[in-house]
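Each chain, letter by letter, is given below.
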Amino acid sequence: MIGITGYGAYIPKYRIKAEEIAKANNADPSIPKSILIEEKSVPAADEDSLTMGVEAARIAIKDIDKSRIGAIYCGSESKVYAVKPNATIVGEALGIGPNYSAADLEFACKAGTAALQICLGLVKAGFIESGLAIGSDTAQAAPGDILEYSAAAGAAAFVVGKEKVMAELEGTCSYATDTPDFWRRQLQKFPSHAEQFTGTPAYFKHVVACTRMMMEKLDLTEKDIDHFAFHTPNGKFPLKAAKLLGLPKEKIEKNLLVSKIGNTYSAASLLVFTHILDQAKPGERILVTSFGSGAGSDSFVFKVTDQIKKIKQKTTQSYVDEKEYVGYAAYSKCVGLLR
Amino acid sequence: MCGVVTMNIPIIQTSLIKFGQLWDKNISDLIYKVVEKLDLTDVDAAFVANVYHHATGEELHIDNTACINEEGASGAMALRQAAASIMSGQCKCAIVLGVEKATDLTGTHLNNISSLPTEEKSQGATVSSQFALMAQKYMHEYGIKPADLASVASLNHKNAMQNPYAQFASELSAEAILQSPMVADPIHTLECAPHSDGAAAVVMCHPDSASSYKVQGHFTASLIATDYENTAQRASLTSLDATKKCAKQISMKISKAEVYDIYPISELLAVEDLGFAKKGEAWGFIKKNKDMINASGGLKACGHAVAATGVRQAIDVLSRLKASEHGLTHSLAGTGRLSVVNIFKK
Numbered sequence: 001m002i003g004i005t006g007y008g009a010y011i012p013k014y015r016i017k018a019e020e021i022a023k024a025n026n027a028d029p030s031i032p033k034s035i036l037i038e039e040k041s042v043p044a045a046d047e048d049s050l051t052m053g054v055e056a057a058r059i060a061i062k063d064i065d066k067s068r069i070g071a072i073y074c075g076s077e078s079k080v081y082a083v084k085p086n087a088t089i090v091g092e093a094l095g096i097g098p099n100y101s102a103a104d105l106e107f108a109c110k111a112g113t114a115a116l117q118i119c120l121g122l123v124k125a126g127f128i129e130s131g132l133a134i135g136s137d138t139a140q141a142a143p144g145d146i147l148e149y150s151a152a153a154g155a156a157a158f159v160v161g162k163e164k165v166m167a168e169l170e171g172t173c174s175y176a177t178d179t180p181d182f183w184r185r186q187l188q189k190f191p192s193h194a195e196q197f198t199g200t201p202a203y204f205k206h207v208v209a210c211t212r213m214m215m216e217k218l219d220l221t222e223k224d225i226d227h228f229a230f231h232t233p234n235g236k237f238p239l240k241a242a243k244l245l246g247l248p249k250e251k252i253e254k255n256l257l258v259s260k261i262g263n264t265y266s267a268a269s270l271l272v273f274t275h276i277l278d279q280a281k282p283g284e285r286i287l288v289t290s291f292g293s294g295a296g297s298d299s300f301v302f303k304v305t306d307q308i309k310k311i312k313q314k315t316t317q318s319y320v321d322e323k324e325y326v327g328y329a330a331y332s333k334c335v336g337l338l339r
Numbered sequence: 340m341c342g343v344v345t346m347n348i349p350i351i352q353t354s355l356i357k358f359g360q361l362w363d364k365n366i367s368d369l370i371y372k373v374v375e376k377l378d379l380t381d382v383d384a385a386f387v388a389n390v391y392h393h394a395t396g397e398e399l400h401i402d403n404t405a406c407i408n409e410e411g412a413s414g415a416m417a418l419r420q421a422a423a424s425i426m427s428g429q430c431k432c433a434i435v436l437g438v439e440k441a442t443d444l445t446g447t448h449l450n451n452i453s454s455l456p457t458e459e460k461s462q463g464a465t466v467s468s469q470f471a472l473m474a475q476k477y478m479h480e481y482g483i484k485p486a487d488l489a490s491v492a493s494l495n496h497k498n499a500m501q502n503p504y505a506q507f508a509s510e511l512s513a514e515a516i517l518q519s520p521m522v523a524d525p526i527h528t529l530e531c532a533p534h535s536d537g538a539a540a541v542v543m544c545h546p547d548s549a550s551s552y553k554v555q556g557h558f559t560a561s562l563i564a565t566d567y568e569n570t571a572q573r574a575s576l577t578s579l580d581a582t583k584k585c586a587k588q589i590s591m592k593i594s595k596a597e598v599y600d601i602y603p604i605s606e607l608l609a610v611e612d613l614g615f616a617k618k619g620e621a622w623g624f625i626k627k628n629k630d631m632i633n634a635s636g637g638l639k640a641c642g643h644a645v646a647a648t649g650v651r652q653a654i655d656v657l658s659r660l661k662a663s664e665h666g667l668t669h670s671l672a673g674t675g676r677l678s679v680v681n682i683f684k685k
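In order, the protein sequence lines correspond to chains A and B.
Going by our numbering, the first residue of the first sequence is number 1, and it counts up by one from there.
Going by our numbering, the first residue of the second sequence is number 340, and it counts up by one from there.
Since the hints were derived computationally from the structure, they do not count as laboratory data.
Errors might be hidden in some of the hints.
[Claimed, not checked] A short, non-exhaustive set of chain B residues, derived as facing chain A with CB atoms under 10 Å:
hint: 1; residue: Thr442
hint: 2; residue: Thr445
hint: 3; residue: Ser519
[Said to hold, decoys possible] In the DSBU-like style, the derived pairs of lysine-lysine whose C-alpha atoms are separated by at most 35 Å in a straight line are:
hint: 4; chain 1: A; residue 1: Lys223; chain 2: A; residue 2: Lys189
hint: 5; chain 1: B; residue 1: Lys364; chain 2: A; residue 2: Lys249
hint: 6; chain 1: A; residue 1: Lys236; chain 2: B; residue 2: Lys587
hint: 7; chain 1: A; residue 1: Lys333; chain 2: B; residue 2: Lys497
hint: 8; chain 1: A; residue 1: Lys217; chain 2: A; residue 2: Lys309
hint: 9; chain 1: A; residue 1: Lys33; chain 2: B; residue 2: Lys626
hint: 10; chain 1: A; residue 1: Lys333; chain 2: A; residue 2: Lys124
hint: 11; chain 1: A; residue 1: Lys33; chain 2: B; residue 2: Lys497
hint: 12; chain 1: B; residue 1: Lys587; chain 2: A; residue 2: Lys33
hint: 13; chain 1: B; residue 1: Lys617; chain 2: B; residue 2: Lys553
hint: 14; chain 1: A; residue 1: Lys189; chain 2: B; residue 2: Lys364
hint: 15; chain 1: B; residue 1: Lys431; chain 2: A; residue 2: Lys17
hint: 16; chain 1: A; residue 1: Lys243; chain 2: A; residue 2: Lys62
hint: 17; chain 1: B; residue 1: Lys431; chain 2: B; residue 2: Lys372
hint: 18; chain 1: B; residue 1: Lys484; chain 2: A; residue 2: Lys23
hint: 19; chain 1: A; residue 1: Lys243; chain 2: B; residue 2: Lys497
hint: 20; chain 1: B; residue 1: Lys364; chain 2: A; residue 2: Lys243
Each residue gets a CB set at the ideal place from its N, CA and C atoms; glycine is no exception.
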């Protein structure tokens, strides 16, 4: 049996309300409401994709024999160094190594699931006993851009292996095309996006196609799956994807985590997954589909085992609830708009 | 003096693609799609209207090709130029093709392309902001409320429900429109015609060869007039001189009209400037004459594939005319620097 043997979440405690962002930009407050964003997480001045990744991974590996971790892969589009991996700093901070494979991955918002998929593959191939996959981002958005309402910070970490599996991998598949919906060139501070092009031909096309392919591959229907975790660029998109797939609302409700924390990019679909795992019961099936601009999706189906009952750790919801609001000025300082 | 061309040009073929966000089609795909069912054997000239991509119409392989960019009036201007060419003997049979691929571009790009004078554009003016000024002045002078403006757009959606080629063939209430985000007070998002992808084409021939074809209708007159590009230099904010000058040349009774409703205010101004209603009474006139004005759903609900719109309007008005009736299409470039009125009869 191959699957998840440990997981952890991390969301910074600071929040800014979407209406505060609208006010600062003299924008219509109905805009964030229309995409179902109420507030978003804000990284503290001393937090970045690395520190958040370490926080999430610390929880994920708490019951794991570190000497058996043979890989660390970190997915992020807000790496601390342009050249120098987050993965080795995470390894050092957690006391893992030096016998491990390490790399940072980038694929917009799906680098975290790419890390997870690679670790699962290495374990399945027998190259490693256990691997650590992290999705972590402090997302950037230009002031006044619609992205500013959602671009947030968070991390999720997963240990995969063959022993004490709490969510067994039943299958994974991917879907990718060259679709220029969202990008950030070298040395640019903020990303660019192609407005409505980010919807139908990008997010919906890839998420829906990959999710369908995953279910067909495993000969499953929506009735066989208890929870769906999609990439959450905002609240509206996963709900619309679910509608296109004909999914009932109760099976995707955890995706609305995004309304309270914003889009955590590489961590987004994975935090919905940790949120589901926190309350999952043995026998439940979870389908995860990420989306990364540029563009691609990874899908996974996991079946929860009895091992889940033994998990006692800080939940994703408790990170959501522990919050302190900041105004636009403090937010500007935290995300580097003011220096 | 308004530029008038009168004639009796037979329209022998038409083709229309339903406008929309056609993500899987590029500009060539749109051209191939709109001409695939047309017989171009006798066509010896092409008039290609396009605003955003400098489309050349190379896909048609016609040597005698002219490209036309007059923003929202491009399609109407291409029809006019094709008719003039046929009348002058430059060609015998012409295709007029309007095509637009707007969804490849962002809002910023689209705003930059619009032809506002530098002194307005440099201060942040957009086509929306200038029509919003006109709407403010119109509301002030004639006691029209924002809900009335929203109702103009709502009615177009209702009309479009009977139109299989409409991009938005669904009801949209004035209340829902008023709740959508403000673009430029009093214009809400859902009062703006969308930037659509699409294509429309008609084939016209010389009257002398009409008997060789199945004639669907006639292009009988084309009127154009211009005005200052800068709204501050214009005589009025509550009427468009370019349209009024065209209207003075209309000598026949008009039964159907497809007017340029890029925003509700532009539809109200058109209905008044074309002489259908007195100043301040356009909305009352439209309500009473639902079958006459924008029965297709207009730009608002059919979609606005900018350079294709004038051709789409011509196809729509022709399809609604009864024997011996006349109908017109009205389109504008920019905020009213140019008005083109084309008149058709069955």
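Against the structure, the hints come out as follows:
| no. | hint | result |
| --- | --- | --- |
| 1 | Thr442 | holds, 7 Å |
| 2 | Thr445 | holds, 5 Å |
| 3 | Ser519 | holds, 8 Å |
| 4 | A:Lys223 x A:Lys189 | violated, 44 Å |
| 5 | B:Lys364 x A:Lys249 | holds, 33 Å |
| 6 | A:Lys236 x B:Lys587 | violated, 50 Å |
| 7 | A:Lys333 x B:Lys497 | violated, 49 Å |
| 8 | A:Lys217 x A:Lys309 | holds, 29 Å |
| 9 | A:Lys33 x B:Lys626 | holds, 34 Å |
| 10 | A:Lys333 x A:Lys124 | violated, 44 Å |
| 11 | A:Lys33 x B:Lys497 | holds, 27 Å |
| 12 | B:Lys587 x A:Lys33 | violated, 48 Å |
| 13 | B:Lys617 x B:Lys553 | violated, 39 Å |
| 14 | A:Lys189 x B:Lys364 | holds, 32 Å |
| 15 | B:Lys431 x A:Lys17 | violated, 65 Å |
| 16 | A:Lys243 x A:Lys62 | violated, 38 Å |
| 17 | B:Lys431 x B:Lys372 | holds, 24 Å |
| 18 | B:Lys484 x A:Lys23 | holds, 27 Å |
| 19 | A:Lys243 x B:Lys497 | holds, 26 Å |
| 20 | B:Lys364 x A:Lys243 | holds, 25 Å |
Of the numbered hints stated above, those contradicted by the structure are hints 4, 6, 7, 10, 12, 13, 15 and 16, listed in ascending order.
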